[in-house]
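Novice: Chains as they are written, first to last, in my numbering: chain A, 1 to 492; chain B, 1001 to 1095.
These aren't lab readings, by the way, just hints derived from the structure by calculation. Watch out, some of these pointers could steer you wrong.
Coverage of chain B stretches by chain A, computed from C-beta distances (three or more under 8 angstroms per stretch; other residues unrestricted) [unchecked claim]: (1) 1025-1035; (2) 1045-1055; (3) 1070-1084.
Source: prediction; values computed, not measured. Note that CB positions come from ideal geometry on N, CA and C, so glycine has one too.
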Amino acid sequence: MDITTLTVHELQEKLESKEITICQITKAYVERIEQKEKEVQAFVTTLCKEAQERAKQIEEKVENGQITSKFAGIPIGIKDNICTKGVKTTCSSKMLENFVAPYDATVVEKLKEENLISLGKLNMDEFAMGGSTEYSAFHVTRNPWNLSKVPGGSSGGSAAAVAANLVPWALGSDTGGSIRQPASFCGVVGLKPTYGLVSRYGLVAFASSLDQIGPITKDVEDAALLLNIITGHDEKDTTSENREKVDYTNCLKKEVKNLKIGIPKEFFGEGMNEQVKEKLQQAMQTYREMGAEVEEFSLDIANYSLATYYIIACAEASSNLGRYDGIRYGYRTKNFTNLKDLYRNSRSEAFGPEVKRRIILGTYVLSSGYYDAYYKKAQQVRTLVKKEFEKAFEKYDILLTPTSPSVAFEIGTKSNNPLEMYLADICTVSVNIAGLPGISIPCGVDSEGMPVGMQLIGPRFGEEVILNAAYAYEQKIKFREQYQAEFKGGVC
Amino acid sequence: MKVSKEEILHIAKLANLNLKEEEIDTYLLHLQDILNFANIVNNAPIEGLEESFGVNENQNVFRKDEIKVFENTEALLANAPEKERNMFKIPKVIQ
């Protein structure tokens, strides 16, 4: 048995029956990282030695009965924009290359309370800006299904690490699709929770009104389990909602009879890859066979949402990234004679081209003379998008769309054309604009064997309905039993 | 809307960024491309709609204004690019 191919709920069963031990699990992952990480390059920082030491301590405490958490000793990977006390949090940027957070993010505190073991920090597009992980200042992460292709992004390291069995599960963050799209490209499950369900305290801010932390896992049950750990009100994040805690595994019923599924036809428009479309149509057919009511309808917001997303996200980013001035932390230039030069040169030398591009765009749309034309309009479109989704959910329980118009693309083919890269986010950004939950699950592979992702969108705090629908489908098609990442192709 | 070279230099200045001569044209081109696309928002049926600043209910979240001391100053200062004794060091501000 290869421990690293197991899901977390399978690991829990085997720990329970004493078939395996906590130290064996960590050791299996450390060996897997030693063997495969050089091909995938999913990590920025690995914590192999620390993880094995921690495993020993936790195993002892579990045996003594000092720890009773059912997640004790389960390893995890964490995206490198989530603060971890005493371990570097780089955001894959030269700006934070040596930054060590003095505190843990709330989600990391929650992982520690359950005695999970961190295997390291995962690569991403710099400051989470991008959809391919090519904009990492350190290295490009490769797609474990085909090493010449991108893993998606910005949580590309998280998705690739899960797909390559380097970690059993991981945390990512999603501002415009950064959990769902890489999950789709890497054939794993990615859930963006409703805005406000998970605390953002300690998540390095990109666009604060859109950012949300969520799970990337091998299957839907694991996504529900990890969501159980990380949700909850946090007084340190005033946008986190005070709601009763839910056990998300209770909703996994395999039953979708009479579930009303809306298919927004505009999400299947121009530029959609034919094979992606075909897989999605098969998925709709599967839902029909399971007794769901599947109906096409018009939700004409996809293009508006995308334009609005780039205006709002860049505006917020230009403001959030204003804090990097080379004074208290982060990169400081050697080339300055006065304070103004220090600010300017530090920022210019340490931010990568995509980050600068978005800061410039954000500053432009917020500057006097253009505020009304862009930012104000975008905020009004945001109201429109929210209202249109509300209308759709009066009629349907969930919406079904592709996660991305394409499968994973070749490394280097889009990184020089920002607009083309932005257009690929067409199916995911509206979910962030409206603060809704969305999940991506694999629904097949194309003729080259690359995974295709399906996105299910729910109403606000409708995690249970999308998790159940995803679970029912997953149990029916059994993707993981048929397909696995094969590490095709050499390093180019 | 057409963006001029002067405008992009002004924006870069506002954002505290220097642009090298060879970067200016690239950023200009990209900004123009993205803005052309973003103009779609002008065709959206938004008349009479309020602006949204987020997705939460619009309500203030209050807490008591109490000082909480962060004890671990060492960890904070460990990130300082330059420090002296217990302080962050910056260049002279008043000339």
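Novice: Which constraints among the numbered hints does this structure fail? Numbers only, ascending.
Specialist: none
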